[in-house]
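Novice: I would like the entire structure built from these sequences, with the hints used as guidance.
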Amino acid sequence: MKQIVKKHPLSIRWFHWINFPVLAIMIWSGLLIYWANDVYKIGFGSTTLLKFFPDSFYKALNVPFRLSEGMAYHFVFMWLFFLNGIAYVVYTIFSGEWRLLMPNRKSFKEAWQVLLHDLRIKKMKPPQGKYNGAQRIAYTAIIIMGIGSILTGLAIYKPVQLYWLCNLIGGYEMARILHFALTIGYVLFFLIHIFQVIMAGWNNFRAMITGFEVKKTQDITSVADETNEASDAEIKK
Amino acid sequence: MASFLKNILTKNSKLNTEQLIQKKTILSFSFFFLFAAIAVLGWQWFRKLPSDSGKTSTPIRKVLDANENIFAGLVSDKNLAKTYPVSQAANPARVNGNLGTKTPFDSATWVMNVIQAKGDTLKLKLDDIRKLPKTEIVFNFKCIEGWSQITYWGGVKFSDFMKAYNLSEEAAMKYLGLRTPDKEYYVGIDMPSALHPQTLLCYELNGQALPMDQGYPLRLIIPVKYGIKSLKRIGDMYFSNERTPDYWADEKGYDYFSGL
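Going down the list, the protein sequences come from chains A and B.
Counting along the first sequence from 1, when you hit position 1 you're at 1 in our numbering, and nothing is skipped either side.
One rule links them: number in our numbering = place in the second sequence (from 1) + 1000.
Hints may be right or wrong, so weigh each one.
Stated by the list, open to error - Straight-line distance between alpha carbons at most 16 Å, and here's what the computed EDC-like set of lysine to aspartate or glutamate pairs gives:
id, chain 1, residue 1, chain 2, residue 2
1, A, K158, B, E1068
2, B, K1024, A, E213
3, B, K1048, A, E69
4, A, K6, A, E213
5, B, K1055, A, E69
6, B, K1062, A, D118
7, B, K1118, B, E1169
8, B, K1252, B, E1169
9, B, K1062, B, D1052
10, B, K1023, A, E213
11, B, K1102, B, E1169
12, B, K1174, B, E1068
13, A, K41, A, E173
14, A, K158, B, D1077
15, B, K1183, B, D1106
16, B, K1183, B, D1236
17, A, K7, A, E69
18, A, K59, A, D38
19, B, K1082, A, E173
20, B, K1174, B, E1242
21, A, K216, B, E1018
22, A, K2, B, E1018
23, A, K6, A, E97
24, B, K1252, A, E69
What the hints assert, rightly or not - Stretch-level coverage of chain A by chain B, calculated; a stretch enters the list once three of its residues show a Cβ under 8 Å from a Cβ in chain B:
id, segment
25, 51-64
26, 155-163
What the hints contain is simulated information worked out from the structure, not anything from laboratory work.
Where is the CB? At the ideal position from N, CA and C, for every residue including glycine.
Specialist: Here it is in structure tokens:
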């Protein structure tokens, strides 16, 4: 017997799918800005391992000579990114969803098991509640990164008026480096996220749109019920 | 398909689990793709909005101006750009553009025309500026391109200059305008930023007279703005209660305020 099991609340689905294009626009417009002074690279001494970014990359994405456009879009869409992010955080706090999203004592050990399992080193599947340990860590880290982007972004945007913030972050240059590094972090997060969504399959992906997962009855009594009810119980606490 | 359409019209309670899963999935995905299509169309509409001479559309300008209203409120004489010891200043300082300074220029006949509110023009020589109390600043000059450099400048505070030449009526106006002698380069600056205590009418770089390519004989240094506002080689100074023309905002699509 199949059964419909609620997974993602409607609000979280909205926040998620609004964030996707908005963050994409922020990264794109950020790239248009970065091009005007593209000084970052990974290397040691005089050896460059990776230059951000190669000319072919800029050319392919039609990046050159669009600084003013990039700044305009960045400073318009920053509001959507900020407001949607705030709404999400406020929602998770008041709905109690944060209890499912924040790492707990078991999460780090569990995340390690998830990693070993995903790398095909161990066969044993780690416990999967609504979110497993690795997901809890990732989804909390991404919020901290979002806060980091807003704070470093503000420090770059108003380094004189918000001098205390700029100093706190380690100065203007440091704020720029961190803002850039966080963006690279989003891109890496995105790639892993897409890979994991593909690996997890249709049922999991569908839940991000419909809100529910389909479980077989024996699953529900053994795993899903336990975790979902445990989560519900956690929320009610 | 037909059975699905029937299911849509059937109450959920009368459907079996399979039918319910199918109905909910198709409905949810339909809404999802509908909203996705609206988002894509909205984006295309937004991209194609008619734009001004600076290639920026009205809604974008409105948000940028709203940003200005939010963040200009922070501009205060108490918020100062961080200063550094002279030993940290770059020498030579980076030269990043020659707009307004590339036209052949006769320094012997140079005067700064200060066009006053009532229409009279004050013609000032460099010595008329140099005789006022001198202020020096070492700060991190920030280019809108993204680079920054610690540089050491000397000159007269703009606010001191306005007092010394009794330009209080002009200082009460909303905007300052500056342009180069060849009129190729011009900037507009809101008066609170112009009167900020770190804004200089600058005639020295690293303790020496300004080099030609840094705007000899007199330029603006305004640490509360991106470098695009620090106009080299001032020819005319004027005042208005309307926004004064700005090369980078009017022609190139940058934010008018461009404040830091």
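Novice: Each hint: holds or not?
Specialist: Hints versus structure:
1. A/K158 with B/E1068: holds (11 Å)
2. B/K1024 with A/E213: holds (11 Å)
3. B/K1048 with A/E69: holds (13 Å)
4. A/K6 with A/E213: With Cα atoms ~6 Å apart, A/K6 and A/E213 stay inside 16 Å; holds.
5. B/K1055 with A/E69: Cα-Cα ~8 Å, so holds.
6. B/K1062 with A/D118: Judged against 16 Å, a Cα distance of about 48 Å means the pair is violated.
7. B/K1118 with B/E1169: Satisfied, since the Cα-Cα distance of roughly 9 Å is no more than 16 Å.
8. B/K1252 with B/E1169: violated (31 Å)
9. B/K1062 with B/D1052: holds (12 Å)
10. B/K1023 with A/E213: Cα-Cα ~14 Å, so holds.
11. B/K1102 with B/E1169: At roughly 34 Å apart (the allowed maximum being 16 Å), B/E1169 and B/K1102 break the hint.
12. B/K1174 with B/E1068: holds (14 Å)
13. A/K41 with A/E173: Status holds; Cα separation ~14 Å.
14. A/K158 with B/D1077: Holds, at roughly 15 Å.
15. B/K1183 with B/D1106: Holds. B/K1183 to B/D1106 sits at ~15 Å (cutoff 16 Å).
16. B/K1183 with B/D1236: holds (9 Å)
17. A/K7 with A/E69: Answer violated: A/K7 to A/E69 is near 40 Å, above 16 Å.
18. A/K59 with A/D38: This hinted pair holds, its Cα atoms lying about 14 Å apart.
19. B/K1082 with A/E173: Measuring from Cα to Cα gives roughly 13 Å; hence the hint holds.
20. B/K1174 with B/E1242: holds (7 Å)
21. A/K216 with B/E1018: Roughly 12 Å between the alpha carbons, so the hint for A/K216 and B/E1018 holds.
22. A/K2 with B/E1018: holds (8 Å)
23. A/K6 with A/E97: Distance of about 13 Å is within 16 Å: holds.
24. B/K1252 with A/E69: holds (9 Å)
25. 51-64: Per the Cβ count (0), the hint is violated.
26. 155-163: Coverage by chain B holds for the segment 155-163 of chain A (7 residues, Cβ < 8 Å).
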